[in-house]
Amino acid sequence: MKRMKNSIPTGSDALSRRWFIEQCGVGMGALALNHLLSSSGYGATQENPLAPKKPHFAPKAKNVIFLFMGGAPSHLEMFDNKPQLAKFDGTLPPPELLKGYRAAFINPNSKLLGPKFKFARYGQSGVEISELLPHTSAIVDDIAIVKSMVTDAFNHAPAQLMMHTGSMIFGRPSIGSWATYGLGSEAEDLPAFVVFSTGRKGPSNGNSGWGSGFLPTVYQGVQFRNVGDPVLYLSNPRGVDETLQRDSLDTISKLNRMRLDTVGDPEISTRINSFEMAFKMQKSAPELIDISNEPKHILELYGAEPGKPSFANTVLMARRLVERGVRFVQIHHEVWDQHGNLVRDLKLNCQETDQACAALVRDLKQRGMLKDTLVIWGGEFGRTPMVQGGSDGRDHHPNAFTMWLAGGGIKPGLVMGETDELGFNVVSDRVHVHDLHATIMHLLGFDHEKLTYRFQGRDFRLTDVHGLVVDKLMA
Amino acid sequence: MEQRKISLVIVVLFLFMGAYPLTMRSLVEARFQNEKVDFTRDIEPIFKTSCSGCHGAKRQMAGLRLDDKSAVIGKVVTPGKASDSSLYQRIAGIGDAARMPMGGEALSADKIDIIKRWIDEGAQWPDKAASSRPVEQHWAFIAPESPRLPGIKNSAWINNPVDNFVLARLEQEGLSPSPEANRATILRRLSLDLTGLPPTSDELDSFIKDSDPRAYEKQVDRLLASPHYGERWGRHWLDATRYADSDGYEKDKLRWVWFYRDWVINALNQDKPYDQFIIEQVAGDLLPNATQDQLVATGFLRNSMINEEGGIDPEQFRMEAMFDRMDAIGKSVLGITIQCAQCHNHKFDPLKQEEYYRIFAFLNNSHESNIATYTPAEQMKRANIFSEVREIEAMMKERMPAWLDRMTEWEEKVKKDQPNWTVARPTVNDISTGGQRYLPMDDGSFLAQGYAPTKHTVRLEWETDLKQITGFRLELLNDPNLPLGGPGRSILGTGALTEFDVEVAPKSDPKKLTKIKFRRATADFNQPVRDLESIFDDKSKRKRITGPVEFAIDGKDETAWGIDAGAGLRNVPRKAVFTAEQPFSHDGGSIVHFLIKQNHGGWNSDDNQNNNLGRIRVSVTTANDPSADPLPAGVREILDTPRERRTEAQVRTLFSYWRTTVPEWKTENDRIAELWKQHPEGSSQLVLNERGHMRETHLLKRGDFLRPDKTVEPGVPEFLHQLPAGARPDRLAFARWLVDRKSPTTARSMVNRIWQSYFGTGIVATSEDLGRQSDKPSHPELLDWLAVELMERGWSLKHIHRLIVTSSTYRQSSKLTPDKFSKDPYNRLLARGPRFRVEGEIVRDIALAASGLLNPRIGGPSVFPPSPDFLYQPPASYGPKVWDEEKGDNRYRRAIYTFRYRSVPYPMLQTFDAPNGDISCVRRARSNTPLQALMTLNETLFVESARALALKTLKEGGPNDANRLSFAFRRVLSRLPSQAEQIELLSLLNRQRGRFVNGELNPWNLATSDPDKPFALPKGSRMEDVAAWTVVSRVLLNLDETITKE
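Here the protein sequences line up with chains A and B, keeping their order. Position in the first sequence (first residue = 1) + 533 = my numbering. Number 224 in my numbering belongs to position 228 of the second sequence; there are no gaps in the numbering.
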């Protein structure tokens, strides 16, 4: 019986019109129908993994910009003023504080180091901010500062994984992936989740901070560059002009359609669509990162200079992305690991970032975008009240750190949480990273316990088995 | 015309769909979720998590047990009528009785809804569900037995038993199989499936013309015997074993593990029985007289990531690696999710947390080693050197019959010539380590682990009451956890001592440190002076050198004591002694600081550039004028063994040292030294290496290594088959247990993944989990039948491949018909052949093969095809990484050989869903995105492939454009173009050729990689032709069909 049956079938049978329509009635017609019914051009189809989807309840935030300060900025020099720490400078910390405490580099029993910068009060709420942050000081009434963040890890890679995926284990989806999985995308010709890296180093956890983990790969972040081709291989090869590219794509489409007629696999129509989208992206992405057409006052607000890649330019691009419907923008700025040169490097880092971060909040506000754009600022952990080295460095510290949030349903002008007199432990309104995640999900319209994905026989979620929504943080 | 118009309209609608395209395959899950409610999958977990506290095995409030079918059905559940069932009423809060769960939060609306649906659908409660019978009864936890072949009607269709199972289901569903695919299509499908490469034109011709009734089987034989088979199927296994060429985490340093990758390819090519395949990977090192290959195989478990960022606790990340190994074994071998039980008892499968740690205990007793490895040619070279050395030594002995007496005389002389040394047990000054961990060992030494700074001076602080200390000894020791066993931490296991200093103070005044002046330094090895290797370049432009031990006390940062005796000789213990100018002591005792400066690394601590010492021990002596023992530590050990108890090897080692001290043997000694210089450098491989004494394994509370609970012994879970009675419970026993004929999941899991690879979805869709939460198998009997075939036919994987590819099921045409589409949109029932996009590696390989660029060489170090430079520099990468783009023919190797950095995945492969090796992956996603389109349109190697195909077409494609088009088309798609396709492509050719000819476009820019370089045009062609054919080739390489298995 092992013979070739119908050895060489005759060429392709032409498909009947009826068959095609029937097939579409099952597979693609539903999409087409939805398309016709939906005024925005892409209705709520479940079939398109990135079609906009409704969350569990009305969201406060539709988009997120995460200004991730990799390396871990010192809460003690920037947001959490500790006069007592200054007073006890040079003395050993109380032994009871160090019970069970593990430090990365230093012997925990090292001398306390007083804050290196002066603080003053700003805004209607009289929030204390250090002199390092003159611009952030001016927007304190628009942001909520959380001084009571805690995390589980005290090494960079695991702590960054925790901040971005809610787990210290590799292979879990990032917040941006969860957000796009839950909400889909509103961007017509740009990725739903865009990532930049602008620091002096790259992210400690590599590309896991925007990985899709076990979620489908369409939800992973797409790395953009703030100079040159924003997306890899966006430009045509040398010698290919637009006419040639269009002519080639048209031929590809025609041949793909012929194949669709012959074999009837709807996946081919997806491929046709992908190529058209790619062509659109070739136009939209360069336009997006070209900030030279921004008015002068906006460039000045951010401190951005067209053509000169910088953190400020990137933050401005983040605003432009969100304007175009991109769901989640994440900027990794990995410069904050001040084991030494605390004073010099903090000054430098703040000069580089303070103005643009504040400008983003102002700019979003003046455009009416702040109300549904959630801005998050912070690193993966804090820094030790104890000194590392001589007198100009601090080690990693997971017990307490500061983050700020703005817009997207966050209560403006709020200062939340307190640390002890040395800035060592949180003493009130503790917010674990899982709680932050639960809150972000809540603002995006999700019950964080219900936005799940089944993998390996288990329903996984961003917050694993943890996370409490921080009601206090929300307007 | 009418028909065409309508289909176009519909297609055009899709172009406006906005956002990203749909992915049909992602609907698989959705469809199965719309099926009937499944008790085990949907209902039981709700009972377990929300109800069992009060209505479970421990407590039965109101006499109700929800884990007892008989207590539920017909009592609180009326099948078919949720509204009449008190269970539903109580959870939904209907009626007056208190809402359940009592005192807790109400169930969510969807949970209530699904319970309602379950009851309305008849409250199916399969007897095999855990709550009905003992838990072992989940189908996948019972060893498979070969099922009877089901009866079928259309027996003419059957090629082998695979078809019986598939056809029985089709007939049951009222579907009939598709006709066989045509020869060109089936050969392309078969070639892509078995080798990952498209068929050549010659292969197509010979198959299409072959009238032998066994024509197809002959192709199967040929392709199964191809060495590319191992590459194609090895890649799947490498996904499961999370293979990558770098460490992961922040530093993500390059590692050497390609011997393991090649081992996998070779093992599959040899059709190594799957049971042996697993045993060698889990415990090859424990097999008697383990070969290099068997040691290399244990690289499987070593594919875990390594964290060497500053300030880590190495034990924490060793534990992370252990958890990862457990996960990898669960997914790749057992097909069971076991990592849930890391923190608590498994919620759904009967795996207890303690059992997790009992399995863990099998694996928890290895050193994290790295051994030297040699290719077959290098092994031959080594064997030759060793035998020549032995010959010379034999000759020396022959010429000096009294050699044994002389050696004994020498031995007596040197035996007692060493002073007493007191091992110092200092504490490590934390600030001084530069982030490297100095782990104290039982023998007073310190093992360097974790971050490896390229420059630091560690300060070891020690208190002593000894008086009149005259000298200090620094021993550099081997350790199985160092590269190649050490004694250094460099990639060769060497290190350099820049400076050795001692500062002392009286105990009464610890701050009053004074530096000891040395009279001299001596060592058992003095390396000839040489320039520091280029990997240690620190960009200071200083001339840095290594050499004799005096360099460690010359006060110069540029010089260091080097210990590299060359390949094959360098990984042995060394020692240096530093003799004080004046003995010292303090009343009331002394504080002694040893400062060990290691500044001879390179500029980048985020790369493999450290030149640190790996395991060190310091001692002091009060003997007069001490100096270093010239005898190697190994020889000294032999001397300490009574003569009559020495092994032959020990006597040989002793002789090999002693002969070097005999002046009249200078010529022979020099000859042997010359021979050693020819010793190959080899490569290295991460392996497992069993420890001498058992590490204690604890159950860890919530999986936290800082919260150890009771100790556990190695053992296997109760719900699976048991270890043979009397088996020594070590890793080897565990490996054998994994592939025992009684294992219920091992064979099923493997054949299911093979099936998944052929047909797009496994018989069980959740191929990483066959446990109780898994999807229902589409053909359960077929799964069991294949599993038994695997186990009972010598665990031959090729046998399973042959069964599948020779089945009529596999050979069907993949064309869709309306009936088939509506009844089975996702082709789970297989009334048609598979059609889906090939994996990322094959997308690349097809372009290289079709264009003729492919370099088909098998194996060897990973290669660096073109990739944007900036990706490997901050801020895209954490630290600077090396990516030396291949300029030679390694540029066009198959994608399996592309170097894989975990933190910076190769863009082309990542875009096409290749996993990056962070964790074990047994089921890849298959997306279809615009970024993929950009990749195949614009990426460097795809463009080079288009150019190469154009040139080849002009050279070999025939006299006219139509011939040439057929030539190029067939190379890419394995078939000839239809007339309509031909018209489209030739008109594109003519339009664009016209533009090149009339000067609108510069043909050199597109057609050549470097327009300034001279270019050999094919005979009779113009540059405009090359450019125009490049356009057409690029289009061909970008078609959906090109990257699709049809």
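Since the hints were made in silico from the structure, they are not lab data. Just to be clear, a hint being listed does not mean it is correct.
Chain A side only, calculated, beta carbon under 10 Å to chain B, not exhaustive [unchecked claim]: (1) Ala636; (2) Ile639; (3) Tyr655; (4) Ser730; (5) Arg733; (6) Ala811; (7) Phe812; (8) Asn874; (9) Val876; (10) Arg877; (11) Leu881; (12) Glu885; (13) Gln921; (14) Ser924; (15) Asp925; (16) Asp928.
Anything over 12 Å on all C-beta distances counts as not near chain A; from chain B, calculated [stated by the list, open to error]: (17) Ser383; (18) Pro436; (19) Thr518; (20) Glu686; (21) Asp736; (22) Thr762; (23) Glu788; (24) Ala872; (25) Ala1003; (26) Leu1032; (27) Thr1038.
Idealized CB from N, CA, C, for every residue including glycine.
Which numbered hints turn out to be false for this structure? 3, 8, 9, 10, 11, 12, 14, 15, 22, 24, 25, 26, 27
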